[in-house]
Each structure stands twice: as structure tokens, then as C-alpha cells.
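Undergrad: Assemble chains B and C onto chain A, guided by the hints.
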Amino acid sequence: MSATNCLRCLGRPSVAGASRGVVVPVFAPRTAPFSTTAIQNALPAKGKSGEHQDRSVRVYRAGRKMTFKKKHTGDRGKPPAPGERKAFRKKIVLSNDNALPVPWVTEMEASSLSNENKVGTIVSLPPAVQDQLRATEAFQPTQTWGLFRKPSTLIRKETVELVGKMEKATANKQTARVVLTGEKISGKSTMLIQAQSYAYLNNWIVIHFPDAQELTNGSTEYAPVPNTENPTLYMQQNYCLKLLQSIKKANEKILAKLLTVSNHSELPQNIPVNQTLLSLINAAKEAEGAWSVFQALWSELNAHGANRPPILLSMDNLPHIMKISEYRSASFDKIHSHDLSLVKLFTEALSGNTRFPSGGAVIAATNRNNGPRIPSMELALKQRLAEQRASQEETVPVRDPYFKGYDDRVEKVLKSVEVMEVNRIGKREARSLMEYWAASGLLRTTVDEQTVSEKWTLGGGGVLGEMERAALLTMKI
Amino acid sequence: MVSLFGVNFHEAKLVQKALQHFYALGPQTATRIMAKHYIHPRAKIGTLSPKTVIALTAELSGMVIESDARNIIQDNIKRLRDMGTYRGRRHAMNLPVRGQRTRNQNMTAIKLNRVERQG
Amino acid sequence: MPPRLNLASAFRALSLRSTTPAAGPGISQPLLSQKLAAPVARRFYSDNLTPNSNNESSSSSQIASSPGQLPPSSSSSSSKEVGEQQQQQQQRHNEDNLDALSRLEMVAYGLNPFNARKEGHKYGLPSLPLPSELHKDHRYDDVMGQITRLLMKDGKLSKAQRDMAMILNYLRTSPAPKTNPARPLIPGSPAPHFLPLDPVTYLRVAIDSVAPLVKIRGFRGLAGGGRNLEVPAPLAARQRRRTAFMWILDAVQKRKSKGSGRKMFPTRVAEEIVAVVEGRSTVWDKRAQVHKLGTATRANLMNSQIKNFL
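Residue numbers (UniProt numbering), protein chains in the order written: chain A, 1 to 477; chain B, 1 to 119; chain C, 1 to 310.
Everything labelled a hint here was simulated from the structure, so no lab data went into it. As the structure is a prediction and not an experimental result, all values here were calculated from the model. A portion of the hints provided could be inaccurate.
[What the hints assert, rightly or not] Sample of chain A residues at the chain B side, in silico, Cβ under 7 Å:
(1) E214
(2) S219
(3) Y222
(4) P226
(5) E326
(6) R328
(7) A330
(8) F332
(9) P357
The beta-carbon is built from N, C-alpha and C at its ideal position, and this holds for glycine as well.
For reference, chain A alone in the conformation it holds in the complex (with noise of 0.2 Å):
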């Protein structure tokens, strides 16, 4: 009987038990027999009241558990409020007092932006503009307006190229796709800037998602649209109510002119017809219903016979919604960006599907630096590009047949876009626009052709963005 014998010398009472005279059975369900510490170290440590005060770290060392006292860390006061770390990393400012204002600058007129003659001069963007800019998110805080007296852009040869694409297009009621390509800080979300605030001169209805990522990286509410199957649809209201927000933001104006056509019952708020279409934003209080507002609202802007306005719809951070997002559906299955429906609803304009009653544009903008790379969208846009070209010695990019990451949807959608590629700017152009930062005060050189040929060159030939941090972000000034 060899295991009663261990047992016995094995099961001793507990310290908890002994104290307390009360003989513990061995296989006692409360006690641990084998062990000689008592029950009540045995469950989680209750908290003290005070324990969080005293600085002090428990730590197990060599079987025992030591205390150490924690270094006092000067006290840093309160914490930032919610939302203003965010606040002062997206803050954006237009203007510099200190900086010179440049006598030669003239302000942005409805059609400087598609005059040849005016290439290579620097425009500023009037007040108006910039507070419906402002309103779209369009100006990025890594942008430089802060520095300059007044927000002014140049117009390159390719502001020239797009907006002549965006007029020829509206003059035939035709509807212009193209998406902006090009290097890192090449100009393509200033090129974006520059399509809005054309837009904007000209009486335009300007929609823009100035973030891409936002709509799919799993940061929105999202919940499925009721009655759709297959594929299932999903909206995402909180971003559509902010979207409506801006789009009431910017297009004020012409929203209050513009009158409905049909009647809309089914919104939160009864909106009947001949009523402005800024009432129907209005009615988008609350993120529920939002979506349905802003269906309304594009069945309205769409509708033919109605006398409206182009529409621009834009957006920066094209391929972020070329991907598989980060949305999971009840069935824990991956949802693809483009059935999200406000994605839905850019990628059938920019595929050409929806066809807006008085023309307009769709303009989307890559993005080097923080976008995914999405090998069917990097396919379709050198197929483009070779098609475009159309030249024999060129032959169209097929795919590669041991790549798997393609994506049909993807390719579907960019199977009939123009790609206009915003490629490093020539001297000429450099040079008047070192030529205003000279002036403004912020470039203390004199602006001649080895100066120029310098920062060109420091620019990677050109490249605008990196021109900039050449010359104006630089430690010696």
C-alpha cells in the first residue's frame, strides 16, 4: 500500500486548517492537500483602495515576491482632450503674415485655369474657394500654404491638360474619367485642388472624398443596406452624414437653387417636390438615415430634365479602395471595398456606368506613399497608358501567368479611364515659381538660370514636392 503511505506523509492540514484546529481530509474539495499554502493566497489578490497610489511593482524573484518602489515620474498633468492631438495634427493654415505679397499674383478667374497662355503663372485661390476647399478636406497639413501670404497654386501644363478635358467634356454633356498618377509629392492632390476650385468657379456640384482610407480601413460604422442580396451591400452613415455635411459645406449655394423633382417619403423627413435641395440635406440629422439622404440626394443631382448642374466627384487615395477591406460581414467573410455602397457609388462613375445628366467629371488621385499596392490597378493603369500612347513599337502589359493577386472587380472598373500621369515640372515653369518664392521673402537667392537648374535638380529633375523641401524646407535659409 505504497500510496496510502505517501498520502499519508504527503497530506498534511493546511497552515489555514491547523490554526483553526479543524482536521482537513485529504481530497477536501476547498484545500489544496499537497500544498502548504493556504487557500487564500490562492485566489486573486483583492485590490486595496490605495494600491494604485503607492508606486510600487510586486515582482516574483528567485520563489519569493518582492516589492520594489517605483521612480517618481514627474507629474505630467492632464492628458490632451480627445480629438485635439488629431486637431493640431491635421490643422492647416493659409496664410503668413510675414511672408511678402507678391505683386505679379493675380487671383484664380473661371477660365485662367484652362488657358495655354497662362501656363507657368502662379494664380491665388480667392476666399470664396478656399472656404469651400476647407470645407472638402481638399488642403493636406504636409502642404506648404502656411508659408505664403496668400494660398496660390501654378498652373502646369498638365492643370491645363485636365481642366481642358473637364471642359471638353461638360460641352458635350459627356462625363470625364481620368485618375491622376505620378511620383511621390509630383502634384496630384494639388492637381485635385485645382479640378475643385475650377469647379468651383464655374457653378459646378462638387462632391469629394478627400481620404480614401477612411471608407475602408475599418475606422466608420457600417451596417448592411436592407434588401440587397447578393452581393450584399453595406453603408457606412456616419461617414455619409459628414459627407453630406461638406458637400452642404462647399455647394451651398447652388444647393439652395437647385429644386427637387420627385418626392421623397421615405426619408426621416418628408421632403416633397420643388423643395431646394439643400433642405434635403438638411434633413440628414442624425447618422441614421443619413444613407438614404444621400441616395436622394444623388438620384436628384441625376436626374435628367432637370436643368443641374456638372458634377465633379473626386477623390485622393485611389487605392485604398481597390482593395479588400477591413470590414468582416456577419458571416465573418471579408467584404470588398467596392461593396461598400458608397464605394459602389464612385467606382460605377469612374467605371463609366453612371452617366450624369449635364456632364462633369470623375477625377481620382493615386497615392505613393501610404497606399497599398494593388497589382491589377498598377496593371490597368500601364494598360491605359500603352493604349493611349498607341504606338507600335509599345505592346499592351498582359497579366503574369503565375501571379495570383489579381482582381477582376478591380480591373472592371479601370477598363475605360483616361490616366494622365503629373509628371516633374521643366525650368521654365520651376523658374516662376521660384521666381514667387523669391518674392514672397522665403527664397533669399537670386533667381537665375544656375539657381534654377540647382533646385531642379536637387528636386530629382523637377519633382515639385521635393523642389519645395529643397528649397523651402531646408536649414539654410
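TA: This is chains B and C only, laid out in the frame that chain A set:
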């Protein structure tokens, strides 16, 4: 404060983390629960609608978590102990169960292993 | 034992042909320049692959002897089709070759073949001696160079330079500072309204104004009873600036970070610099304290042991 399954959470707490607060509910299950209720990955618990919170509580009450899950583990250990196995004995002695050394680095076992295991 | 076969020596006996064999008359592939019928840009001597025509055999033999030149292949079969234009071009190439040859000869005689007057410079020559900013180690202002390295963390100089550029941009976009008469700036500093226009001077003025004149050295045990004997010691210009900027960085550490992103740190440093110029910074108190202590401990310089030491 939002009460979820009888526990109060701060509004700024991520839903994912709040769900993982419960014993026997890990990242995988938490993500699945969130997908089922259409809660986005970065949702804070304060932004959930009361309806969703009730649905989540109902969902959690049907799951084997917290004391139920602890009971299962305790039953398993108790069974080993009742059979008089080596593993049961090692649990009772607060020592590593699966043949690890005990000369150094056995703190996790000393903290956790016992017949009435809590953690 | 059979005699060992020495393979290495056997291979060494094989002759290696290092030069390209001259192409025979029956060569099928035309040369690159013959393929390109269009006129090519003027190139240098070593790139010239055009074969010489037969009537200029004297010059071609000269060329063949020079190093770096492929032996000319006879192009008798193709020369008939060579057009007028190509002949002219060959003429030009030959002129180039002669020019290059004459230069080579000059090099061989130890002369400098480069004629600046003839060739010219695209942007002219810099006037000598070079200003210090054209030297890679002294391209930035001396204060800027020193301070950027003090800003640097983990050896990331490039990041420090970016931060410094952001500091300067903050200074030049901020309004003119309101100076405090109780905290006078260094004599000779420009008027406050001028400072934002020249951010480098702004930074320099701020640092030089709070830079302490002395530091306190402690001599162990000389004060009796094992106590330190504190003695003021003068600082050099670089040391003064370093001390001042480290104080500023300490004050920046205490400033609350109210944001995130790469602009936060430079903004805090720049705010502190503005505070220094406006006389609001705690760095001024530190400076006054050091100076006060320095004045008080002046007498300790007369200690005999210190005298001997110094």
C-alpha cells in the same frame, strides 16, 4: 460607463478589448462576435447603440465564459486529482505539470497551478 | 607511383587571346552605327565604332594602334550603300578622333590637354577661395550645425535636419516677438520685428542671449570636511551655446505635448525659443542662478591648491 454582461466599461474602451476582458473570450471570438453584430474593428464601446449592447449581452450570456469556463477547467483538474495521476498531483503542488524544470523560472506554474485554478 | 599530372601547368601553357579578333570580310552582322541610319549625336573618341573608309587608311592605322579602340573591320561590302550623309558624319568623327588623339599626345608629353577657353563652362567657374558654405562640412551656419546635432536622437541626423527646418519655418511664420526689457537680448541683435524675416538669426539671438558665461566646477574635498569647493570656470563660445541649448531642450521636455505627428517636437522647440526671446522662459532663471553662484564662488579661486591646479 456602459454595462456589458454585468461589467461596467469606460466609454472610450475599444469593444474588442472590452469583449476580451471576459475569461475564455480571446481575440478570435471577439472579432467574430463583432462581425456578427456589424461592429467595426475600431469601435469604442461608448458609440454602440443600446440595442447593440443588449444584443451583445444576450450573445455573451449564451456562451461558456467566465465562471462556466473556469468550472470546466477546475473539473478537469479535479478529475486528474481524483484519479491520483501525476498531473493532478503536480497541479495540487503548484508545480509545472508537463515536465518543465523547477529549478528556475517556474513562477507561472506557482502562481496559477492549483486544484481550484482561478486564472 | 605514377608521376603526378600537373593540370595547372598544362592549362597555363594554353594561350589566352585577350584581344578581339579582327572581323573578316565575310562578317554578317553590321555594326551598331551602320544599323542606325539616323544621325547620332557627337560622341567621344572611345565610343566611336564607325569604321574608317579606305581612302583614309593612314589615319585609320593610327587609330588602330591606340588603346581602347576596336580594330576596324573592313566594310568594303557595305561601303557602297553608305550615303552622302553618313560620309559627312564619318568625316566629323574623324575630326573628333584626331582631336582626341592630339590630346592624348599632349597627355603623353605631360601637358594639360584641357583648354578652358576653347571648351568653356556651362555655369562659369567659382571664384576662389571658395566660400565656406560651399564646403560640405561647413555648408550650414555654425550655430545651426551645432544645434542640429544636439537635436539629434539615435544618430538620425536627417530627421534632426528636418526638425530644424520645421523650427525655422515656425519662426518665420510666427508674429514678431514682444521683448521683455527685464531680459535684454544680446547686444547687437536686430530689432524684434526683423527677427521673423531671418529665422537663423532669430535662433542665434535666442541661444546667445541665454548662454551662460561660466560653469561651476567642483573640486572634491578642498572645502574641508570632504565638501566640494565650487569654483567658476569660463566657457568657450561653443560650450556656452551647447549649455544654453541643452537648457532649452530641458524646458521643451517639460512642455506638455499637445499633439501628435512629426510637427509636434519642432513646434515645441520653436515655441520655447520664442519664449526665450520674449523673456518668458525658465531658462533665464537658470542662467541667472549660475551667474549668481559664479559670482559668489569667485573668492574660491584664491585657494592655494586651486591656484596651483589652475
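Undergrad: Hint by hint, say whether it matches the structure.
TA: Hint check:
{"no.": "1", "hint": "E214", "in the structure": "violated (11 Å)"}
{"no.": "2", "hint": "S219", "in the structure": "holds (5 Å)"}
{"no.": "3", "hint": "Y222", "in the structure": "holds (6 Å)"}
{"no.": "4", "hint": "P226", "in the structure": "violated (12 Å)"}
{"no.": "5", "hint": "E326", "in the structure": "holds (6 Å)"}
{"no.": "6", "hint": "R328", "in the structure": "holds (4 Å)"}
{"no.": "7", "hint": "A330", "in the structure": "holds (5 Å)"}
{"no.": "8", "hint": "F332", "in the structure": "holds (5 Å)"}
{"no.": "9", "hint": "P357", "in the structure": "violated (35 Å)"}
Hints 1, 4 and 9, counting from the list given before, are not met by this structure.
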